[in-house]
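Chemist: Sequence:
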Amino acid sequence: AGRGQSVSQSAVKEYAVKKNLRLLQPTNLKDEGFISELKSLNANLQVVVAFRMLPEVVWKMPEFGTFNLHASLLPQYRGAAPINWAIMNGEKTTGVTTFFIDDKIDTGATILSREIPIDADENAGSLHDRLMELGSEAVVDTLKLISDGKAEPVAQPSIADLKTAHKLNRDNCHIDFSKTAAEVHNQIRGLSPYPGAWCTFHDGGQEWQVKIFESAPDNESHSSTSGRIRVVNRQLKIAAEDKYVNVKVLQFPGKKKMTAAELLNGLTFSSEARVS
119 AGRGQSVSQS
129 AVKEYAVKKN
139 LRLLQPTNLK
149 DEGFISELKS
159 LNANLQVVVA
169 FRMLPEVVWK
179 MPEFGTFNLH
189 ASLLPQYRGA
199 APINWAIMNG
209 EKTTGVTTFF
219 IDDKIDTGAT
229 ILSREIPIDA
239 DENAGSLHDR
249 LMELGSEAVV
259 DTLKLISDGK
269 AEPVAQPSIA
279 DLKTAHKLNR
289 DNCHIDFSKT
299 AAEVHNQIRG
309 LSPYPGAWCT
319 FHDGGQEWQV
329 KIFESAPDNE
339 SHSSTSGRIR
349 VVNRQLKIAA
359 EDKYVNVKVL
369 QFPGKKKMTA
379 AELLNGLTFS
389 SEARVS
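Heads up: take any position in the sequence shown, counting from 1, add 118, and you land on the working numbering.
Since the hints were made in silico from the structure, they are not lab data.
Note that CB positions come from ideal geometry on N, CA and C, so glycine has one too.
Heads up, a few of these hints could be off.
[Stated by the list, open to error] Computed list of lysine-lysine pairs in DSS-like fashion (alpha-carbon distance at most 25 Å, straight line):
hint, residue 1, residue 2
1, Lys-262, Lys-281
2, Lys-297, Lys-131
3, Lys-262, Lys-297
4, Lys-210, Lys-268
5, Lys-268, Lys-285
6, Lys-373, Lys-148
7, Lys-361, Lys-374
8, Lys-157, Lys-210
9, Lys-281, Lys-210
10, Lys-285, Lys-210
11, Lys-222, Lys-137
12, Lys-297, Lys-137
13, Lys-222, Lys-297
[To be verified] DEER-style ranges, computed between Cβ atoms:
hint, residue 1, residue 2, range
14, Ser-388, Arg-232, 18 to 28 Å
15, Glu-380, Val-272, 47 to 57 Å
16, Thr-282, Glu-251, 22 to 32 Å
17, Ala-278, Gly-322, 44 to 54 Å
18, Glu-270, Leu-385, 57 to 67 Å
19, Gly-322, Val-130, 43 to 53 Å
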């Protein structure tokens with residue numbers, strides 16, 4: 119929650135409270151009291167969505183096991199940030215997969231998958247929302263398959279070109295303008311709106327750590343040094359390895375998000391301006 123605001127509840131918790139459903143919120147998933155209370159529910163099946171790794175005593179508890187919804191086409195993009203990495207890597211398609219949880223991360227036998235295209239300029243927020251709609255349908259379909267005895271889990275194949283979706287951090291959110299304009303654009307949209315791709319603007323002895331939330335590859339080639347800033351017709355361009363990246367929406371420290379045009383209304387860059 120933001121400063122001065124109350125902590126927001128998840129949609130699941132809000133629904134459970136509204137319907138007066140039993141709600142368990144353990145801080146320790148191995149706590150004996152929690153384990154005992156969970157067992158008392160006598161659940162046939164457990165469903166996990168966007169939750170931390172479960173201890174074996176929890177996921178093995180139900181008669182039919184525990185399945186998870188993951189926002190990728192497994193085995194590709196196992197890990198914490200599959201939506202972001204699919205876009206950052208320039209994938210054309212992605213999807214959701216349901217699978218039975220085992221003792222490793224996102225490696226269990228898959229039950230079903232659903233695939234969708236990734237739009238050329240789509241960001242992580244938009245793709246997340248579409249995948250959650252697709253995922254809700256996949257969960258319902260998976261529940262029906264299991265309840266009807268028609269689920270046929272398939273072991274995930276071993277593939278050579280396995281792409282992971284490890285946690286996002288400061289380093290992998292930093293924009294490297296020595297990469298191609300397409301790669302930079304993919305990183306920016308893959309990290310938008312959260313946590314945001316960042317770089318440091320330098321000009322006239324000053325520097326600012328800036329987040330960029332929206333961009334577009336520019337068709338104009340150049341002979342500039344990577345990272346050089348250029349302002350043309352009220353457009354803010356930054357030289358990547360091959361072409362310029364047209365910066366559309368960005369955020370300076372302590373400021374709200376703004377368009378490049380709004381920024382240029384109050385800030386003039388010199389010919390030596392650059393980013394790193």
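Chemist: Now look at each hint and say whether the structure bears it out.
Modeler: Status of each hint after checking the structure:
| no. | hint | in the structure |
| --- | --- | --- |
| 1 | Lys-262 - Lys-281 | violated (31 Å) |
| 2 | Lys-297 - Lys-131 | violated (43 Å) |
| 3 | Lys-262 - Lys-297 | violated (46 Å) |
| 4 | Lys-210 - Lys-268 | violated (31 Å) |
| 5 | Lys-268 - Lys-285 | violated (35 Å) |
| 6 | Lys-373 - Lys-148 | violated (43 Å) |
| 7 | Lys-361 - Lys-374 | violated (28 Å) |
| 8 | Lys-157 - Lys-210 | violated (43 Å) |
| 9 | Lys-281 - Lys-210 | holds (14 Å) |
| 10 | Lys-285 - Lys-210 | holds (21 Å) |
| 11 | Lys-222 - Lys-137 | violated (34 Å) |
| 12 | Lys-297 - Lys-137 | violated (51 Å) |
| 13 | Lys-222 - Lys-297 | violated (34 Å) |
| 14 | Ser-388 - Arg-232: 18 to 28 Å | violated (51 Å) |
| 15 | Glu-380 - Val-272: 47 to 57 Å | holds (51 Å) |
| 16 | Thr-282 - Glu-251: 22 to 32 Å | holds (25 Å) |
| 17 | Ala-278 - Gly-322: 44 to 54 Å | holds (49 Å) |
| 18 | Glu-270 - Leu-385: 57 to 67 Å | holds (60 Å) |
| 19 | Gly-322 - Val-130: 43 to 53 Å | holds (51 Å) |
When the structure is compared with the earlier hints, violations turn up for hints 1, 2, 3, 4, 5, 6, 7, 8, 11, 12, 13, 14 and for no others.
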